[in-house]
Structure formats: C-alpha cells, structure tokens
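Protein chains in written order, with this note's numbering: chain A, 4 to 101; chain B, 4 to 101.
All clues stand as given, with none of them false.
It does not matter which identical chain is meant; a pair holds if it fits inside one copy or across any two.
Calculated pairs, SDA-like style, for lysine to any residue (alpha carbon to alpha carbon, straight line, at most 25 Å):
(1) K12 with G101
(2) K87 with A100
(3) K87 with D47
(4) K12 with P76
(5) K12 with D56
(6) K12 with D84
(7) K12 with K87
(8) K87 with V33
(9) K87 with A34
Hints are computed from structural coordinates only; laboratory data are not their basis.
Protein chains: 2
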Amino acid sequence: MFRHVVMFKWNDDVDPAHVEATGAALDALVATIPEVGDYRHGPDLGLSDGNFDYVIVGEYASTDDYVTYRDHPDHQQVIADYIKGRVSARSAVQYDAG
Amino acid sequence: MFRHVVMFKWNDDVDPAHVEATGAALDALVATIPEVGDYRHGPDLGLSDGNFDYVIVGEYASTDDYVTYRDHPDHQQVIADYIKGRVSARSAVQYDAG
Chain A
4 MFRHVVMFKW NDDVDPAHVE ATGAALDALV ATIPEVGDYR HGPDLGLSDG NFDYVIVGEY
64 ASTDDYVTYR DHPDHQQVIA DYIKGRVSAR SAVQYDAG
Chain B
4 MFRHVVMFKW NDDVDPAHVE ATGAALDALV ATIPEVGDYR HGPDLGLSDG NFDYVIVGEY
64 ASTDDYVTYR DHPDHQQVIA DYIKGRVSAR SAVQYDAG
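Chain A on its own, in the form it takes in the complex:
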C-alpha cells in the first residue's frame, strides 16, 4: 500500500473557517477521484508544542494511482484555492506502507 503524507503550517491569518472549508474540499476529492483510497486528514490536536497545524494521509493501491490523484485537476484546484499562499511550511513523504 502506497501512502502520501503531507503536513502544513498555516499562515497566521488563516482562520478556523478556512481550515474547516479546506477539510470539506479535501473530503470532496474522495468522491471525484476514484484512485484515492483511504483518506484521513485533520487539524493538529494541540497536544505538543512545535507541531505542524494540519496533516493529510492518503492511501493508494499503487504509485500510478497516487500520481493520478496528485495531478488531477480537482486536486490541483483545492491546492490553488485553499493551500497555495496560505502556508508557511510544508513537509511531505511518500512511502511504501506495506
């Protein structure tokens, strides 16, 4: 199983309504991109100092399915509308999760 994991730190002016709208937009991708498998995302719970603010863990049957998701126009639109220009840090890993 292939996993794509990505974290963000939001800019200081990003408000909770934007975070909630981002979550809804991400959820909608599961309906429109059949190559997306298990897809679980959400805000940091605030248990630890220094954490990033948001994480997405997506599962795909193959690297090709991940690339289809990555390059899908609906996914790119979510990035453009909700993420690009709104984050101060990003970290990502793609890995073989067994």
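Dock chain B against chain A, hints included.
Just chain B, lined up with the frame of chain A:
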C-alpha cells in the same frame, strides 16, 4: 481513531544501514507496547523534490494510549539511540482520524 504522524530529515552523515536499523527498532516497539495499534513507517520513495526522509504513522485507540506510547521507556530509548542528534528537521501532527 487517534493518529500520531511524525517526519524527519536525517543528517547528511546518516547512512542506509542506520535507517534500516531504525526501522527494525521501531517495529520492535509494536511487540513491547500493547497500546500501539497499526504502526507503519518507512523511508521516502524519492518521487518528489524537497520531501522529508522518513515518516511514522501510528494509530491508537485514544489519546491516553498515545501518551503511554510516547512516554514509554522503550520508545524513549529508540529516540535516544536512533533519532536524537541524527535529524536536521522534524515535523509532527496528532489528529483525530475518525
């Protein structure tokens, strides 16, 4: 379901043997800490420039179970032996994964 997600960038002098040994040490935690649920970790596949090098996604039935894992001496020993002083960047999120 509670998830703890953490990524690292290794220092330049960390070699593949160290990465493999870290993976084995992490796998051993599942056997010794019963509060750990699904636990899948591994190195970045190298598909994307700028990615972090390693990710761990751990699942726990509750925040309390995560805290038991976090503070467990076997986990702290893995951090001391394999991670502390060996990484140039770290990012983490704990979240409610539904």
